Amino acid sequence: MNQKNFFQSIKFGVFIGEAHSMVQIFMIVFYALVMFIMGPVSFKWSNILIYALTVSCIYQLLIPISIYKNHIPTCVSFGATRKSAFWSMQIVYFITILQFSLTTIITMFLLPADLKPYGLTILSIEFSTLVLMSGIGQLLLALFIRTNIKVTLIIGILFFFPSVVFILSYSILYQFTYLFEHLFIVGLFGFSLIAFCLGFLFMKKQVLKIECKF
Amino acid sequence: MNTIECKNVSKNFKEKEALRSINLTLEPNKIYGLIGRNGAGKTTLLSLISGQSSSSSGEITLGNAPIWENQAALNQICFSREISQTSSVANYKIKELFRIAKIYYPNWDSAMAKELLERFELEDKTRISKLSKGMMSMVTIIIALASKCEYTFLDEPVAGLDIVSRKHFYHLLLEEYQESKRTFIISTHIIEEAADVFEEVIILKKGECLLKENADSLCSRAYQISGKTDVIDQLTSSYKIHSTTLSGRSKSVTVLLEECQSIEPLKLREELNVIPLNLQDLFVALCEY
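One line per chain: the protein sequences are A and B, in this order.
Quick note: the first sequence uses the working numbering, first residue -11, plus one each step.
Quick note: the second sequence uses the working numbering, first residue 1467, plus one each step.
If you're looking for bench data, these hints aren't it; they were derived computationally from the structure.
Take the hints with a grain of salt, since some may be wrong.
Residues from chain B that face chain A, not an exhaustive set, calculated with beta carbons under 7 angstroms [to be verified]:
1. E1535
2. Q1537
3. Q1690
Everything numeric in this text was worked out from a predicted model, so none of it was measured.
Note that CB positions come from ideal geometry on N, CA and C, so glycine has one too.
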């Protein structure tokens, strides 16, 4: 891929990433507003953060479906190569993760005093979880292209979803009080990177096999 | 400009053979008409040539370089396909589609796209899924013309368009062709209207390329001969007959003259009625059951 084509991939990725980020931001702001209107009892920053994390994780996991069904066929129908579509996909991930991390950083300044010390931990967990979800999403998509929807769903449910539930339940149950467990954070971060690299490599290998249905 | 070549190209969808051993050369600066019955493989062929689908076997090249996953080749090809409500682009607004087109087509002409949008009286903020079938066709036409790609394929560009818009399209196409000398391949079922525009015709039948020929020369050797059955049988035995219609004791046959054959001897026979065929009638004769 030459420099010009790489920029094409970036431009398309930014275009799609923008749209996904806007949807995520809208969902989070909407929830925060509802909580705010419902009154001080319901309005807790920790609740909003957990909600935002949940929404973003699920969203990140679903992005490949949208990419597979819409974005890759669109790219390809406009004369892009599948490899170019693959790089656009990575840009979409980059933008959505960046958007959520930035949102969290901004939120950290608004956190009440009792939660402020956990700000960095919250950010680390959120970042890692989103990277993990992006990896899982790509792995599942690659698996789907190679096999079929049944195998993909079975492996997804058996192997990946328990880890998602674990991460989310950890945050929900402990309400960030035990989030200083460095081992958990480092482990999660490492696992996320491995999952992302696996997803990236598998997807890169399978992208040429995509038969677009227009 | 380079030529596009298909060498023994086949495409299978599971058990079904959509295209079988297609050998084709597309030369620059021509308007090709791609015709065939429903399911003949027109869209599949255009998808393969534009690198949007992979062939099951064979090779497709542009100037000796393979088209598949070759961005340099793909930059010269635009395949503007029929949009449906369920297609991947239906969720976008027109202006968003144009933004994507600008990213991928190196010679995208924004001014032309804007001008055509105004001519077709379309709003760029409208979502594709909200457009009527005819309006969707207008969008595909705008993208095809404004892409300025050297090879531009239009799949059913006039589907859903009214007669005025169809005439307008052919006018725009010829205008653009004269100015830019691009190559257009137009797949259509409305042959009668488009016949005058086609320089060359490619006829697909059941996944095979039946013929590829200059439109005028093809029509100049196609005739329908009718008369009494025994006379027809006797006088047309040396001709290749492509279709036969029986009506009582009369018979009507369609012949496509070979290079060394002439229709004059048959024209001189008073008992025969010899009429030249237009492209549409010839197509019906070649592709009917």
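Against the structure, the hints:
1. E1535: Cβ of E1535/B sits 5 angstroms from chain A, so the hint holds.
2. Q1537: Holds, because the Cβ-Cβ distance from Q1537/B to chain A comes to roughly 5 angstroms (cut-off 7 angstroms).
3. Q1690: violated, 39 angstroms
Checked against the numbered hints above, the structure violates only hint 3.
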